[in-house]
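Engineer: Here is how the chains run, residue by residue.
Protein chains: 2
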Amino acid sequence: MADSDKPHLWEKKVSIVYADCRIFKVLKTRFRHPVRKSEGDFFVIDASSWITVVAVTKRQELVTVRQFRFGIEDLSLEVPAGVMESDEDPLESGIRELREETGFVGEGAELLGWIYPNPAIQNNRCHVVGIHNVKQVTKTHWDEHEEIETRLVPLGQVADLLAGGEFRHALSLCALQFYFLKYPL
Amino acid sequence: MADSDKPHLWEKKVSIVYADCRIFKVLKTRFRHPVRKSEGDFFVIDASSWITVVAVTKRQELVTVRQFRFGIEDLSLEVPAGVMESDEDPLESGIRELREETGFVGEGAELLGWIYPNPAIQNNRCHVVGIHNVKQVTKTHWDEHEEIETRLVPLGQVADLLAGGEFRHALSLCALQFYFLKYPL
Numbered sequence: 328m329a330d331s332d333k334p335h336l337w338e339k340k341v342s343i344v345y346a347d348c349r350i351f352k353v354l355k356t357r358f359r360h361p362v363r364k365s366e367g368d369f370f371v372i373d374a375s376s377w378i379t380v381v382a383v384t385k386r387q388e389l390v391t392v393r394q395f396r397f398g399i400e401d402l403s404l405e406v407p408a409g410v411m412e413s414d415e416d417p418l419e420s421g422i423r424e425l426r427e428e429t430g431f432v433g434e435g436a437e438l439l440g441w442i443y444p445n446p447a448i449q450n451n452r453c454h455v456v457g458i459h460n461v462k463q464v465t466k467t468h469w470d471e472h473e474e475i476e477t478r479l480v481p482l483g484q485v486a487d488l489l490a491g492g493e494f495r496h497a498l499s500l501c502a503l504q505f506y507f508l509k510y511p512l
Numbered sequence: 328m329a330d331s332d333k334p335h336l337w338e339k340k341v342s343i344v345y346a347d348c349r350i351f352k353v354l355k356t357r358f359r360h361p362v363r364k365s366e367g368d369f370f371v372i373d374a375s376s377w378i379t380v381v382a383v384t385k386r387q388e389l390v391t392v393r394q395f396r397f398g399i400e401d402l403s404l405e406v407p408a409g410v411m412e413s414d415e416d417p418l419e420s421g422i423r424e425l426r427e428e429t430g431f432v433g434e435g436a437e438l439l440g441w442i443y444p445n446p447a448i449q450n451n452r453c454h455v456v457g458i459h460n461v462k463q464v465t466k467t468h469w470d471e472h473e474e475i476e477t478r479l480v481p482l483g484q485v486a487d488l489l490a491g492g493e494f495r496h497a498l499s500l501c502a503l504q505f506y507f508l509k510y511p512l
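Here the protein sequences line up with chains A and B, keeping their order.
The first sequence begins at 328 in our numbering and counts up one residue at a time.
The second sequence begins at 328 in our numbering and counts up one residue at a time.
Hints should not be assumed to be uniformly reliable.
Where chains are identical, the list cannot tell them apart; a pair therefore holds if satisfied intra-copy or between any two copies.
[Unchecked claim] Calculated lysine-lysine pairs in the DSS-like style (CA-CA distance at most 27 Å, straight line): (1) 466 - 364; (2) 333 - 462; (3) 466 - 333; (4) 339 - 352; (5) 385 - 333; (6) 352 - 340; (7) 385 - 466.
Hints are computed from structural coordinates only; laboratory data are not their basis.
Bear in mind the structure is a predicted one, so any value in this text is a computation, not a measurement.
Working from the sequences, and respecting the hints, build out all of it.
Structural biologist: In structure tokens form, the structure reads like this:
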């Protein structure tokens, strides 16, 4: 194949659940190249869609959360985020996650975009919800193992925090990128 | 616990390999909250570090790649990326991935930043390498199942492509974000 040719869509063959890991499954799926006729087994993480929330106060402060993350075994500064329930649309999910994690509620919730967390090995999407004029009006409602610190960060400081490595969560960075594409400083 | 208290660092207890999925393992690890004393089992994807490359020509064009991705079962437009070899540093890895996937070689390779792809359920990092004045000088050298289309995109069009949903890979978006933080248009 010449480099300039278009890549082909592989044909999906049999797929099995290789491991059930509660918040995601690992699928082992056989694919076949339509031209080369070669086949291979590929592992894919099967997960519900995720949601990230860029919530901004009337004074142009970003709502951030800090919590222990079991993947990196350390605290992580992020925007509020979570797993969409099966019966939710992204806006409902974003409003719920923001309220449960931080007690903040706002107005004008809007879908700012969506991304694939990792097209190579994951099949789910992550939606980005913007919520405006938020304020803390209710108690938090954490899941069993959650313990979340809420901080307000002036929007004008976010770029410095990104450049300084304070935000490390890829999906938080993407959420902020969508927000600033629509609402440049 | 009051909302304003700092979150605690959980203590790591026993960890087992729950599933070996070739390019990653799934660990099942027991953690214990130091104050609540509650315990829980958490699944973590254990993977090598990854690398993404923002490669730019002398004419200010971004090198992009398009390929079939088994996670989403569709083609995906991205920046060059891959898995770091165990004996590589991020710059070596970025230079190698760019050359293997696209045949492009450049100068002034630099580390633009690093992120966690997903601190909640993954333990690895993704480093972002910038490479300047790149040009296509060698043949591609694809892995067994790779089939990659290379396209040059003027840097000035990248924001429109992001807003238009042409780039969906979270790690590509983060790479571009780091590049534009350092080199604004």
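Engineer: Evaluate residue 385 and residue 466 at a C-alpha cut-off of 27 Å and name the case that applies: within, between, both or neither.
Structural biologist: Answer is within: at 20 Å inside a copy they meet the 27 Å cutoff, but 54 Å across does not.
Engineer: One pair to classify: residue 352 and residue 340, alpha carbons no more than 27 Å apart. Within, between, both, or neither?
Structural biologist: Both: 18 Å inside a chain and 23 Å across chains, each within 27 Å.
Engineer: Between the shortest in-copy and the shortest cross-copy C-alpha distance, which are at most 27 Å for residue 466 and residue 333: within, between, both, or neither?
Structural biologist: between (53 Å within a copy, 17 Å between copies)
Engineer: Since the copies are identical, ignore which copy is meant and state whether residue 466 and residue 364 lie within 27 Å (CA to CA) inside a copy, between copies, both or neither.
Structural biologist: Result: close only across copies, 23 Å inter versus 57 Å intra.
Engineer: First find the shortest C-alpha distance between residue 339 and residue 352 inside one copy, then the shortest across copies, and answer within, between, both or neither for a cut-off of 27 Å.
Structural biologist: Intra 18 Å, inter 23 Å, cutoff 27 Å: intra and inter.
Engineer: Classify it for me, residue 385 with residue 333: is the Cα-Cα distance of at most 27 Å met within a copy, between copies, both or neither?
Structural biologist: between (48 Å within a copy, 25 Å between copies)
Engineer: At most 27 Å between C-alpha atoms: does residue 333 with residue 462 qualify within a copy, between copies, both, or neither?
Structural biologist: between (50 Å within a copy, 21 Å between copies)
Hint compliance for this structure: every hint is met.
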